[in-house]
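Number of protein chains: 2
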Amino acid sequence: MNSTSPTPNDNKLAQQTPARPPLKSLDDALLELLANASPLTSVEDVLLQLADGRVLGNDVVAQLDVPGFDNSSVDGYALNVADTSTALREGLPQSARIPAGHFSGNLAGGTVARIFTGAPIPVNANAVVMQEDCLVSPQPGGDVVRLTQAPTPGQNIRMRGEDIANGQVVVRKGTRLTPAHLGLLASIGQAHVSVLKPLRVALLSTGDELVMPGAVAADALPPGAIFSSNGFFLSTLLTRLGAHVTELAIVADTLADTQAALQHAANDHDLIVSTGGVSVGEEDHVKPAVQSLGSLDLWALAIKPGKPFAYGRINRLNAASCAHFVGLPGNPVSSFVTFVVLVRPFIDRLLGVSHAGVHALPMTAHFNWPKPDKRREFLRVKRNTLGGLDLYPNQSSGVLTSVSWADGFVDNPPSQSISRGDTVSFWPMSQCIA
Amino acid sequence: MNSTSPTPNDNKLAQQTPARPPLKSLDDALLELLANASPLTSVEDVLLQLADGRVLGNDVVAQLDVPGFDNSSVDGYALNVADTSTALREGLPQSARIPAGHFSGNLAGGTVARIFTGAPIPVNANAVVMQEDCLVSPQPGGDVVRLTQAPTPGQNIRMRGEDIANGQVVVRKGTRLTPAHLGLLASIGQAHVSVLKPLRVALLSTGDELVMPGAVAADALPPGAIFSSNGFFLSTLLTRLGAHVTELAIVADTLADTQAALQHAANDHDLIVSTGGVSVGEEDHVKPAVQSLGSLDLWALAIKPGKPFAYGRINRLNAASCAHFVGLPGNPVSSFVTFVVLVRPFIDRLLGVSHAGVHALPMTAHFNWPKPDKRREFLRVKRNTLGGLDLYPNQSSGVLTSVSWADGFVDNPPSQSISRGDTVSFWPMSQCIA
Chain A
81 MNSTSPTPND
91 NKLAQQTPAR
101 PPLKSLDDAL
111 LELLANASPL
121 TSVEDVLLQL
131 ADGRVLGNDV
141 VAQLDVPGFD
151 NSSVDGYALN
161 VADTSTALRE
171 GLPQSARIPA
181 GHFSGNLAGG
191 TVARIFTGAP
201 IPVNANAVVM
211 QEDCLVSPQP
221 GGDVVRLTQA
231 PTPGQNIRMR
241 GEDIANGQVV
251 VRKGTRLTPA
261 HLGLLASIGQ
271 AHVSVLKPLR
281 VALLSTGDEL
291 VMPGAVAADA
301 LPPGAIFSSN
311 GFFLSTLLTR
321 LGAHVTELAI
331 VADTLADTQA
341 ALQHAANDHD
351 LIVSTGGVSV
361 GEEDHVKPAV
371 QSLGSLDLWA
381 LAIKPGKPFA
391 YGRINRLNAA
401 SCAHFVGLPG
411 NPVSSFVTFV
421 VLVRPFIDRL
431 LGVSHAGVHA
441 LPMTAHFNWP
451 KPDKRREFLR
461 VKRNTLGGLD
471 LYPNQSSGVL
481 TSVSWADGFV
491 DNPPSQSISR
501 GDTVSFWPMS
511 QCIA
Chain B
81 MNSTSPTPND
91 NKLAQQTPAR
101 PPLKSLDDAL
111 LELLANASPL
121 TSVEDVLLQL
131 ADGRVLGNDV
141 VAQLDVPGFD
151 NSSVDGYALN
161 VADTSTALRE
171 GLPQSARIPA
181 GHFSGNLAGG
191 TVARIFTGAP
201 IPVNANAVVM
211 QEDCLVSPQP
221 GGDVVRLTQA
231 PTPGQNIRMR
241 GEDIANGQVV
251 VRKGTRLTPA
261 HLGLLASIGQ
271 AHVSVLKPLR
281 VALLSTGDEL
291 VMPGAVAADA
301 LPPGAIFSSN
311 GFFLSTLLTR
321 LGAHVTELAI
331 VADTLADTQA
341 ALQHAANDHD
351 LIVSTGGVSV
361 GEEDHVKPAV
371 QSLGSLDLWA
381 LAIKPGKPFA
391 YGRINRLNAA
401 SCAHFVGLPG
411 NPVSSFVTFV
421 VLVRPFIDRL
431 LGVSHAGVHA
441 LPMTAHFNWP
451 KPDKRREFLR
461 VKRNTLGGLD
471 LYPNQSSGVL
481 TSVSWADGFV
491 DNPPSQSISR
501 GDTVSFWPMS
511 QCIA
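In order, the protein sequences belong to chains A and B.
Taking the numbering used here, the leading residue of the first sequence gets 81, the next gets one more, and so forth.
Taking the numbering used here, the leading residue of the second sequence gets 81, the next gets one more, and so forth.
Think of the hints as simulated: they come from the structure by calculation, not from any bench.
One or more hints might be untrue.
The list cannot tell twin chains apart, which means a pair is met if one copy fits it or any two copies do.
[Unchecked claim] In the DMTMM-like style, the derived pairs of lysine to aspartate or glutamate whose C-alpha atoms are separated by at most 25 Å in a straight line are:
id: 1; residue 1: LYS454; residue 2: ASP213
id: 2; residue 1: LYS462; residue 2: ASP491
id: 3; residue 1: LYS277; residue 2: ASP333
id: 4; residue 1: LYS462; residue 2: ASP487
id: 5; residue 1: LYS454; residue 2: ASP299
id: 6; residue 1: LYS277; residue 2: ASP299
id: 7; residue 1: LYS104; residue 2: GLU327
id: 8; residue 1: LYS451; residue 2: ASP333
id: 9; residue 1: LYS462; residue 2: ASP288
id: 10; residue 1: LYS387; residue 2: ASP491
id: 11; residue 1: LYS451; residue 2: ASP163
id: 12; residue 1: LYS451; residue 2: ASP491
id: 13; residue 1: LYS253; residue 2: ASP491
id: 14; residue 1: LYS277; residue 2: ASP125
id: 15; residue 1: LYS454; residue 2: GLU242
id: 16; residue 1: LYS277; residue 2: ASP453
id: 17; residue 1: LYS387; residue 2: GLU212
id: 18; residue 1: LYS451; residue 2: GLU327
id: 19; residue 1: LYS462; residue 2: ASP377
id: 20; residue 1: LYS387; residue 2: ASP163
id: 21; residue 1: LYS104; residue 2: ASP288
id: 22; residue 1: LYS462; residue 2: ASP163
id: 23; residue 1: LYS454; residue 2: ASP145
id: 24; residue 1: LYS451; residue 2: GLU124
id: 25; residue 1: LYS277; residue 2: ASP107
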C-alpha cells in the first residue's frame with residue numbers, strides 16, 4: 081500500500097512528498113498482479129456457433145472415432161490387393177458404386193468398387209487406386225478396371241480413429257476457442273459447449289479535461305479539453321477477449337459520487353478498469369474512493385510508455401467478495417501498452433486460460449534509436465517489405481497514431497540503444513490484440 | 081470454363097473423362113480470383129463503438145490539432161527560461177496552479193505555475209521542470225520553487241499539433257479498423273464513421289454424408305456419416321471479417337431445389353461459399369446448378385491441402401448483377417487453408433481493403449519433412465519454447481486437430497524436403513484468422 085494521502089498535498093518539500101513508489105519491473109508487476117487473480121469458475125452452456133473467443137470450461141472428450149469408418153482419401157476404385165495380378169493383366173469388373181455418405185456391404189472377390197472421397201471402404205477391400213491410375217473399359221456387363229501398377233495394402237485409405245480416437249481429450253479446459261476449435265468440436269458432434277461466463281468489466285475514464293466525441297464539434301473543443309479516446313479502444317480490446325463491458329459514467333465530480341459509482345460497479349462486475357488519475361500528482365477522486373472501499377496499490381512501472389499503474393480491490397456490499405480494480409495511465413499509448421502487457425494476462429488468468437503470452441520474434445531494426453530510456457521501452461514499429469522493422473517517427477504517448485500505424489512493438493531492454501541492422505525483439509500486434 | 085458435364089459420367093475411359101483441370105499455382109489462382117472482385121461501394125454510418133473490424137469508407141481528416149494546445153508532459157512547474165538565473169539562485173514564487181482540463185491565462189514574469197500532466201502551458205511560459213528536479217519551500221506568501229539545473233526552452237512541453245495537424249488524413253479509406261484506430265478516431269472527435277456495408281455471405285455445406293452436430297448423439301452416428309464441421313469455422317472466420325453470414329439449408333437433394341436455393345441466395349447476398357462438391361468426381365447438384373444459373377470455373381490448385389476450388393457467378397433475377405460463388409473443398413483442413421489463402425484476400429478486395437496479406441517469417445524447423453508433395457504445402461506447425469517450429473505429427477486433411485493445435489503454417493515450396501535446422505517460411509495463425 082502506498083502512503084499517498086487521499087487529498088494529495090504537493091506544496092511541501094519535493095524531497096519528502098509526493099511519495100513516489102519505487103520503479104517496479106514489468107516482470108515483477110506481472111507476477112504480483114497474477115498472484116491476485118483467483119480463477120473464476122462459473123460456466124454456462126452456449127451454442128457452438130456462438131463460442132468463438134470464449135474459454136472452454138471443461139475438457140471435451142470425443143465420444144466417437146474420427147473417421148468413424150475406414151474411408152477413401154481419393155476418387156478411384158477399391159479392391160483387395162489379393163486380386164492384384166488379375167487387375168494388372170485383364171482387369172476386374174466393377175461390382176459396386178459407393179458415393180460418400182452411402183454404406184456398402186461386402187466387396188465381391190475378384191471385383192472392384194467405384195468409390196469417392198470420404199466414402200466407406202467396403203468389407204474385403206484393403207486398397208484404393210486413384211482413378212488417374214486406372215484404365216476403365218466399358219463392357220456389355222459393366223465396366224472393367226485395369227491397373228497400371230500394383231497397389232499396396234492400406235493405400236489411399238484413411239483408417240477409423242486415425243484422426244481422433246473415442247475417449248480422447250479433443251480440446252482442453254482453459255482453451256480460448258478459435259474458429260478451428262469450433263470446427264473440430266463440431267466434427268465430434270458437439271452442438272454446444274460449456275464455457276466460462278463472460279468476464280464483467282466496468283470501464284471508467286477520468287479526467288476533467290475529457291470530452292466525449294460527438295458532445296461538441298471537433299473545432300469547438302473548449303480550451304484545455306481533449307476528446308476521450310481510451311474507452312473506445314479498451315472496450316473493443318475487452319470485447320475481443322469475450323468480456324461484457326459496461327461504460328461507467330460518474331455524473332458529479334465529488335468523492336461521494338465516485339464512491340457510490342465504484343461501489344455499484346463492484347457489486348455487479350468482476351473487474352473495474354479506470355484510465356487516468358493514477359499518477360501520484362494527479363487530482364482525482366478515484367484513488368481515495370477505491371482506498372476507502374477496499375485497498376489500492378500504486379505502482380510506478382519501469383516501462384515506457386506506461387509508468388503509472390494501480391491495482392486494488394473493492395469490497396462488495398453484502399458479500400464476502402470483492403471486485404478487482406485496475407488503474408491505467410491516462411495517456412492513450414500508455415493505457416494501450418499497459419493493457420496489453422498486464423491487463424490481458426490478468427484477464428486470461430481470471431478465466432483460467434492455460435496458455436497466453438506473446439511469442440516475441442527476433443527481427444532486424446531498419447532504424448536507429450540512439451537515446452533509449454532507462455526504462456524498458458515498447459517502441460511502435462512496422463514490418464517493411466525488406467523484412468525489417470521501421471520505427472514510427474513520433475513515439476509520443478499522447479495519441480494513438482503510432483499504435484494505429486504499427487503492426488507490433490519492439491520490446492527494448494532498459495538503456496539499450498539500437499542501431500540499424502541490430503536484432504531486436506518484436507511483438508506482433510496481431511498477437512497483442514486478438 | 082471447364083468441360084465437366086452437369087451429370088458426371090465416370091464410366092468411360094479414364095484417359096478421356098472426367099476431364100481434370102490442369103494444376104494451377106496459388107499465385108495464378110489468386111490473381112485470377114482478385115481480377116473478378118469489383119470493390120463494393122455501399123457505405124453506412126455506424127457508431128464508433130461498433131466499428132471494430134469494419135472497413136473505413138472514406139478518408140477521415142482531422143478537424144483540429146492534437147494536442148489542441150501546448151501542454152505539459154509531466155507533473156512539475158512551468159516557467160520562462162528567461163528567469164533561469166533567479167530560479168537557480170533564490171527561487172521563483174508560485175503564482176498559479178493549473179490542473180489538466182483547466183485553462184490559465186498569462187504566467188506573471190518572475191514566477192512559476194504548478195502544472196500537471198496534460199495541463200495547458202500558460203502564456204509566457206516556455207519550459208516545464210519535473211517536480212523531482214525542484215526544491216519547493218513553503219513561505220508565508222506561498223511556495224517558492226528553486227531549480228537544481230537550468231531548463232531548456234520547450235522542455236517537457238507537447239506542442240500544439242505535434243501528434244495530429246488540423247487537415248491531416250488520420251485514417252485512410254479502405255482501412256480495416258482495429259481498436260487502436262477507434263481510439264485514434266475518438267481522439268479527433270469522431271463519434272461515428274462511414275464504413276462499407278457488411279459483406280452478405282451465404283454459406284452452404286454439401287455432401288450426403290453430413291449430419292449436423294446435435295442432430296444425433298456422437299455414438300449414434302449412422303454408418304458412413306460424418307458430422308458437418310466446415311460451416312462452424314467458416315461462419316466464424318467470416319464473422320471476424322465483419323461479414324453477415326446466412327447458413328443455407330437445401331431441403332431436398334434435387335437439382336431444382338438446389339437451383340432455387342442458390343438463386344434465392346444470390347439475390348440477397350454478395351458471395352456464396354459452398355464446401356464440398358467441387359472435386360471433379362463428386363456427385364453433387366451444386367456444380368450443375370451454378371452452371372445453369374451463371375458460370376463456373378473448376379480449378380485444381382497446386383497446393384496441399386486444398387486442391388479442388390471453384391469460382392463462379394450466379395446471375396441475379398431482375399437485376400443486371402450477379403453474386404460471386406466460391407466452392408471450397410469438403411475436407412476441413414483443405415477448406416480452412418483455401419479460405420485463408422484465397423477467400424480472405426478476395427473478401428478484402430471486395431471491400432476495398434487497401435493492404436492485406438500475410439507477413440511470412442523466416443523460422444527454424446525443428447522437424448524433418450523428408451517426403452514433400454509435388455504441390456506447394458501448408459504444414460501445420462507450432463512455435464516451441466526454443467524458438468523453433470514443431471510439426472503436428474498427423475498432417476491429414478480430414479480433421480481440424482492439426483489446425484486447432486497449430487499456431488501457424490509453414491509455406492513449403494513444391495517438392496522441397498525439410499531437415500531439422502532448415503529455415504522455413506512461417507505464416508502466423510494470428511495473421512491468418514484475425
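At most 25 Å between CA atoms: does that hold for LYS387 and ASP163 within a copy, between copies, both, or neither?
neither (77 Å within a copy, 31 Å between copies)
What label fits LYS253 with ASP491 when the C-alpha limit is 25 Å: within, between, both, or neither?
Neither, since 31 Å and 30 Å both go past 25 Å.
Up to 25 Å between alpha-carbons, please classify LYS104 paired with ASP288: within, between, both or neither.
For LYS104 and ASP288, the Cα distance exceeds 25 Å both inside one copy (28 Å) and across copies (62 Å).
Intra- versus inter-copy proximity for GLU124 and LYS451 (alpha-carbon distance at most 25 Å):
For LYS451 and GLU124, neither the intra-copy (51 Å) nor the inter-copy (46 Å) Cα distance is at most 25 Å.
At 25 Å max between alpha carbons, let me know whether LYS454 reaches ASP213 within a copy, between copies, both or neither.
between (69 Å within a copy, 17 Å between copies)
Can you tell me if LYS462 and ASP288 fall within 25 Å by alpha carbon in one copy, between copies, both or neither?
Classified as neither; 34 Å inside a copy, 48 Å across copies.
Measure nothing new, just compare the shortest in-copy and cross-copy C-alpha distances for LYS454 and ASP145 to 25 Å and report within, between, both or neither.
neither (57 Å within a copy, 31 Å between copies)
When no copy is named, should LYS451 and ASP491 be tagged within, between, both, or neither for a Cα gap of at most 25 Å?
Result: close within a single copy only, 15 Å intra versus 39 Å inter.
Pop the pair LYS451 and ASP333 into one bin, within, between, both or neither, using alpha-carbon distances up to 25 Å.
neither (40 Å within a copy, 70 Å between copies)
At most 25 Å between CA atoms: does that hold for LYS462 and ASP487 within a copy, between copies, both, or neither?
Both: 5 Å inside a copy, 21 Å across copies.
Alpha-carbon proximity between LYS387 and GLU212, which holds within one copy, between copies, both or neither at 25 Å
between (66 Å within a copy, 15 Å between copies)
Go through the copies and call it for LYS451 and ASP163: within, between, both or neither, with a Cα cutoff of 25 Å.
Neither, since 78 Å and 29 Å both go past 25 Å.
Checked against the numbered hints listed earlier, the structure breaks hints 3, 5, 6, 7, 8, 9, 11, 13, 16, 18, 19, 20, 21, 22, 23, 24, 25; every other hint is satisfied.
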